[in-house]
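S.K.: For reference, the chains in residue letters:
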Amino acid sequence: MSRYVMTIDLRRCVGCQTCTAACKGANATPPGIQWRRVLDIESGEFPDVRRTFLPVACMHCGNPPCEEVCPTRATTKRADGLVAIDYDLCIGCANCVMACPYDARSIVHEPHYAYSDSPMASEAKRFDPNRVGVSMKCTFCKDRIELAERTGQIPGVDPEVTPACVNSCISGAMGFGDMEDSQSSVRRLLAETQHFRMHEELGTEPSVYYVWDKS
Amino acid sequence: MKPFIPRAAALAAPKQQRNWDWRAAANFICGGAGGGLLLAVAFAGIETPAARIAVLLGLALIATGLTCVWFEIGRPWRAMNVYRHFATSWMTREAVVALVVFAMGGLALLTGAKAFIVLAGICGLAFLYSQARILAANKGIPAWRHPASVPLLVGTGLAEGAGFLSCVAAWFGAAASSWVALVLMVLIGLRAWFWKSFLARLDGDGAPDAALKVLHGMSSRLLLLGHAVPAIAAALALAGAPGRGGWLLAAGFLTVGGGWFMKYTLVRRAAFTQGLSIAHLPVRGRGVSGPQVKPGWKSIPGAKAG
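In the order they appear, the protein sequences are chains B and W.
Under numbering that gives the first Met the number 0, the first residue of the first sequence is numbered 0, with each subsequent residue one higher.
Under numbering that gives the first Met the number 0, the first residue of the second sequence is numbered 0, with each subsequent residue one higher.
Bear in mind the hints are in silico, worked out from the structure with no lab data behind them.
Please note that a few of the clues may not be correct.
[As the list claims (entries may be wrong)] Dumping the calculated DMTMM-like pairs for lysine to aspartate or glutamate here, alpha-carbon to alpha-carbon at most 25 Å:
{"hint": "1", "chain 1": "W", "residue 1": "K212", "chain 2": "B", "residue 2": "E204"}
{"hint": "2", "chain 1": "W", "residue 1": "K14", "chain 2": "B", "residue 2": "E200"}
{"hint": "3", "chain 1": "W", "residue 1": "K297", "chain 2": "B", "residue 2": "E109"}
{"hint": "4", "chain 1": "B", "residue 1": "K76", "chain 2": "B", "residue 2": "D87"}
{"hint": "5", "chain 1": "W", "residue 1": "K212", "chain 2": "W", "residue 2": "E46"}
{"hint": "6", "chain 1": "W", "residue 1": "K297", "chain 2": "B", "residue 2": "E41"}
{"hint": "7", "chain 1": "W", "residue 1": "K14", "chain 2": "B", "residue 2": "E109"}
{"hint": "8", "chain 1": "W", "residue 1": "K14", "chain 2": "B", "residue 2": "E179"}
{"hint": "9", "chain 1": "W", "residue 1": "K14", "chain 2": "B", "residue 2": "D87"}
{"hint": "10", "chain 1": "W", "residue 1": "K14", "chain 2": "B", "residue 2": "D180"}
{"hint": "11", "chain 1": "W", "residue 1": "K297", "chain 2": "B", "residue 2": "E199"}
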């Protein structure tokens, strides 16, 4: 069975926000909602200061607190490691939003459009009423992962079945693949580098690994 | 709700949660007090007319809280889906217990039988505990997920229940009002202890600076007006001071008010998210890694505010 994970090499990220834009384009999220963001973190004290870019989204946790608290079973952890939301079951109680320690989830209670109360043609075409009033978040582009199951292509290798953010990354900072596949690029990268997962102390077992140095 | 657009520099820091507003807070405020009241009336030994009024009040409080939540959720017409995840979700368990509370409470009102009042009280305690666990299960809010929040929320629910019962007992001039005043004093003391313990443990284990600032900022007011003053009023009622009923009424109101103030603050104002952090700053070129960065937190060893 596959177990999909994402790697983000913090040494390579230049904070260009191309992944943010690619996600927005691929998933047509409403104004103000970004399933993927790149944070610009300044730290230290002059003259020893640093600037770090931190791409964040749903961590598709191995032990997702959002799934545990969800009263409707709308949030489920799939066998391939993806944490998914069934928009038809979700009641929009926001319990999962509170349970997520990664600020990855959001709820939009009424439709919003970029420039006025009415949608542009492109917004109207891609508007999904099922996403109003329910919890939503990064899906790891699950439609593409499901396409791979039908076509035999490999997520993380073939662009058609790889998350949009990973495809778009200009510096090769983002990787995606199957941790159960010993030949996958993510498996090799993690074997060769030092990495961490955010808020591991909370026991969430995130599927996103941040690479920070060579081994 | 007004869109919240944080500045870029603030994105990684803990943010005040904006998804559960006063309606969600009202569920914890009213529901917790209602559950506590049902338990209090079950074991207070007050006469049937007053007991029936107290049970009715407890059920009304729980119903008010749940109604407020119903108005808050994004898809209210799917509300019955809340019963789908009893295995792990405390929100489902709260909803299931609520059904039993209303069934037992309804039978208690209809029959006035002591057995049903006691059963309603036990279910009220279960409802109160479920609510405490709902907050504690939310790992995204450090002030809620701390284990000390559970006894605090259960303790304040019990104190508020005793506070409401004091008001009912004072209103009816119930013979058991001395016993009620004594229990109220004990529960006020217990809640104060839970509160101080919660704050101390949160300080020790770490929480977002903003959350600690809010909680410490309201602590002295809470302890004075929500604990010391009502405890004195309850003591005067217990000692049989002139205007005994008035003292008991005041003690009850202030205990309830203190608890509601505390819960509103915890659910709304002190509910800051975990925020994001970097355990190791990346090594670039021939440089070295830097220490952990955790904006908005000071109490993590080695962490620096961003």
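S.K.: Run every hint past the structure and note whether it holds.
M.R.: To see whether the hints hold, each was checked on the structure:
1. A C-alpha spacing of about 30 Å is found between K212/W and E204/B, which places the hinted pair above 25 Å, so the restraint is violated.
2. The straight-line distance between the Cα atoms of K14/W and E200/B is roughly 20 Å, inside the 25 Å bound, and the hint therefore holds.
3. The suggested pairing of K297/W with E109/B is violated, with an alpha-carbon distance near 37 Å, which exceeds 25 Å.
4. With a CA separation close to 16 Å, the supplied pair K76/B and D87/B stays within the 25 Å bound.
5. A hinted pair counts as satisfied when its Cα atoms are at most 25 Å apart, and K212/W with E46/W does not qualify at roughly 45 Å.
6. Of the supplied pair hints, the one linking K297/W and E41/B holds, its CA atoms being roughly 16 Å apart against a limit of 25 Å.
7. Taking the CA atoms of K14/W and E109/B, the gap is near 22 Å; set against the 25 Å cutoff, the hint holds.
8. Proximity of K14/W to E179/B is assessed by CA-CA distance (about 36 Å); at most 25 Å being required, the pair is judged violated.
9. Distance restraint check for K14/W and D87/B: the Cα-Cα separation of roughly 29 Å exceeds the 25 Å cut-off, and the hinted pair is therefore not satisfied.
10. About 38 Å separates the Cα atoms of K14/W and D180/B, which puts this hinted pair outside 25 Å; it is violated.
11. Restraint check for K297/W and E199/B: the C-alpha separation of about 19 Å stays at or below 25 Å, so the hint holds.
Against the hints set out earlier in the document, violations occur for numbers 1, 3, 5, 8, 9 and 10.
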